[in-house]
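Fit chain B to the known structure of chain A by using the hints.
Line order of the protein sequences matches chains A and B. Letter 268 of the first sequence, counting from 1, is numbered 268 in the numbering used here, and no numbers are missing. Letter 237 of the second sequence, counting from 1, is numbered 237 in the numbering used here, and no numbers are missing.
By construction, these hints were calculated from the structure, which means they are not laboratory data. Some hints could be false.
[Claimed, not checked] Here are the simulated distance ranges between beta carbons: (1) 174(A) with 192(B): 28 to 34 Å; (2) 171(B) with 156(A): 50 to 56 Å; (3) 280(B) with 80(A): 22 to 28 Å; (4) 161(A) with 164(B): 53 to 59 Å.
[Stated by the list, open to error] Stretch by stretch, here's where chain B covers chain A in the computed footprint (C-beta under 8 Å, at least three residues): (5) 96–102; (6) 262–270.
From the three backbone atoms N, C-alpha and C, an ideal C-beta is built for every residue, glycine too.
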Amino acid sequence: MLFLQFLVTGIVTGCFLILATIGFSLTRRVEGFLNIAHAELLGVGAFATWWFNASRGWHIIAAAAIAVVITALVGLGIARAIYDPIRVRGPAVLLITSVGVAFVIGGVIDALIGTGIRTLDIGLATSYEPFGIRITNYQLLVVALAALVSVSLALFLNRTRTGLAIRAMAVNPELAASRGIDVRSTSRATWLLSSGLAGLAGVMLAVIATLTTDLPFAQILVILAVAILAGLGSLYTVIASGLIIGVAMDVSVYWIPAGYRPLVAFAVVIIVLLFRPEGLAGTRAA
Amino acid sequence: MNWPQLIITVITIGSILGVVTLALNLQYARGGMINFGIVAYFAAGAYAYAIATQPAPQGLDQYSFGFDWPWWAGFVAAGFAALVFAVVTGWPTLRLRGEYLALTTFAFAEVFHSFLINERRIGNGTVGLSNLERPVSDWGPIEEKYVFAAAAALLLLVTLIAFRRLLNSPYGRALDAIRDDEIAAAAVAKPVADMRRQVFLISAVPVGFAGALYAMFTTLAQPSLFTAEVTFVVWIALVLGGERPIYGVVLGTLGLVFFEEVVRAWPFETVRSAQIAASVEHVVTGLLFIAVLRLRPFDRISEQLKARA
Numbered sequence: 001m002l003f004l005q006f007l008v009t010g011i012v013t014g015c016f017l018i019l020a021t022i023g024f025s026l027t028r029r030v031e032g033f034l035n036i037a038h039a040e041l042l043g044v045g046a047f048a049t050w051w052f053n054a055s056r057g058w059h060i061i062a063a064a065a066i067a068v069v070i071t072a073l074v075g076l077g078i079a080r081a082i083y084d085p086i087r088v089r090g091p092a093v094l095l096i097t098s099v100g101v102a103f104v105i106g107g108v109i110d111a112l113i114g115t116g117i118r119t120l121d122i123g124l125a126t127s128y129e130p131f132g133i134r135i136t137n138y139q140l141l142v143v144a145l146a147a148l149v150s151v152s153l154a155l156f157l158n159r160t161r162t163g164l165a166i167r168a169m170a171v172n173p174e175l176a177a178s179r180g181i182d183v184r185s186t187s188r189a190t191w192l193l194s195s196g197l198a199g200l201a202g203v204m205l206a207v208i209a210t211l212t213t214d215l216p217f218a219q220i221l222v223i224l225a226v227a228i229l230a231g232l233g234s235l236y237t238v239i240a241s242g243l244i245i246g247v248a249m250d251v252s253v254y255w256i257p258a259g260y261r262p263l264v265a266f267a268v269v270i271i272v273l274l275f276r277p278e279g280l281a282g283t284r285a286a
Numbered sequence: 001m002n003w004p005q006l007i008i009t010v011i012t013i014g015s016i017l018g019v020v021t022l023a024l025n026l027q028y029a030r031g032g033m034i035n036f037g038i039v040a041y042f043a044a045g046a047y048a049y050a051i052a053t054q055p056a057p058q059g060l061d062q063y064s065f066g067f068d069w070p071w072w073a074g075f076v077a078a079g080f081a082a083l084v085f086a087v088v089t090g091w092p093t094l095r096l097r098g099e100y101l102a103l104t105t106f107a108f109a110e111v112f113h114s115f116l117i118n119e120r121r122i123g124n125g126t127v128g129l130s131n132l133e134r135p136v137s138d139w140g141p142i143e144e145k146y147v148f149a150a151a152a153a154l155l156l157l158v159t160l161i162a163f164r165r166l167l168n169s170p171y172g173r174a175l176d177a178i179r180d181d182e183i184a185a186a187a188v189a190k191p192v193a194d195m196r197r198q199v200f201l202i203s204a205v206p207v208g209f210a211g212a213l214y215a216m217f218t219t220l221a222q223p224s225l226f227t228a229e230v231t232f233v234v235w236i237a238l239v240l241g242g243e244r245p246i247y248g249v250v251l252g253t254l255g256l257v258f259f260e261e262v263v264r265a266w267p268f269e270t271v272r273s274a275q276i277a278a279s280v281e282h283v284v285t286g287l288l289f290i291a292v293l294r295l296r297p298f299d300r301i302s303e304q305l306k307a308r309a
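If we strip away everything but chain A, and leave its shape as in the complex, we get (with noise of 0.2 Å):
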């Protein structure tokens, strides 16, 4: 029975994993690099909703909303100003400046946030015990989003103009031009998209986690496990990372102690890349 509770934590912990590589992954086969600084955009999202929630005294969904929205501005005006005009110095370049985006963004939010725990001001969890699983309503609404993120992504990414858009730049950046795809709003609809699920993802860590500065960039770890896993690849694998990741670490805490969840996470990486490089996808194809 308790390996079962795990089982369905790990779960959970699978869900909020998904939210918050998928914007990653997204930026990483559309703009074709991998943004450090995206963990960050989680705490932009997170203490954004934080101080609307509990300082402005906003409801929850109000301030949630509007911190999604400041989230995807903040992530497409660091691409323009930032990003972009280095782009053509390759992904490396791309990925150390992405590190000292991180450390701006970071350093911000301590001076103005500070030190110390913050909590939202909603409700205390309501648990649910079907068949003896504690659940709670918090987690459930984590899960619920998970879903909804995906299914409306996979949708949009199929049957939208923009959605094909993104996904033909991601094959093939020069081709999807020479198509006629205008390159620049699409690298725009990508950027908002990303950062918004960025910010989406902080929302959830405020909702469910002990809120302090250094937590959103704890993320980044367990994102890259996810993403490496992933091989970078579909939205798909994405979902099955995540879910491989959040079970794995929340499973193993019944037979080890609980502090090795992040280096069961990067076991599971290694393990995975010593016998397939590339990653769960096996190519790098989109």
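Only chain B this time, still in chain A's reference frame:
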């Protein structure tokens, strides 16, 4: 502000980190390998020194091993530990390239860090190992801090000379060939994969030594000293100094450490202002990073110098 003390600290810490930056420079600018987990080799050296020189555990100590060796044995052990760690981590990761390598080395460093925290039998977990042995306690009229500054500068100098000799040899030219065009180098029978692995291993050893020196200097081996932030700082220093000229790397590290120490030593009136200053330090470091990568001032200067010559 106490300037002489500040400068001594900058020389000591800057030289120690300078060794790490040099190793990173060898791996990245010459070997084409992005190592985002360099702090783990540094930590391996520091912990190896600590474990080798610690007396056997007693009382509240949770660590299992303490060999009570003399300091020089600990120093050698540190280099060896970093080498072993490089062998272990290099074996699965070096087949990966570019950003995949960056991510996996990063992952290894985090795994190692979490291991140090959770496995208390290595080094007391988060508490760490303290009161580490320093080589000689009595230097007569010379203050100990000067000795450490000199030792750190010496280690930096030795590493610099060793790397320079290596890079100016036929071996170094073969490395450059591999970096510039891997297929062409392989076509003239350069063992590409082997040489890359050798560079990875060679560069780990001085990082281990630097770790030992750092442990002697701080007399502390604690997980909180060896976070990913060290990796980032060293990378920033590398970027600051430019990738190619090997002296630029050293200057970049010293400059960055100087900047950080000045911020740290600044007398602040309140806790809140000190806290804000710490955040501002992060922001400025990040901005510096972004600006240098974008503008490449040092690369331009060296190009201009070359054009004139």
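Verification of the supplied hints:
1. The given range of 28 to 34 Å is respected by residue 174(A) and residue 192(B), whose C-beta atoms sit roughly 29 Å from each other.
2. In this structure the hint that residue 171(B) and residue 156(A) lie 50 to 56 Å apart at CB holds, the actual value being about 53 Å.
3. Look at residue 280(B) against residue 80(A): about 24 Å separates their beta carbons, and that is inside 22 to 28 Å.
4. Take residue 161(A) and residue 164(B): their Cβ atoms lie about 57 Å apart, and the range 53 to 59 Å holds.
5. With 6 residues having a beta carbon nearer than 8 Å to a beta carbon of chain B, the stretch 96–102 of chain A meets the requirement of three or more and the stated coverage holds.
6. Counting residues of the stretch 262–270 of chain A whose CB falls under 8 Å from any CB of chain B gives 6; the rule of at least 3 is met.
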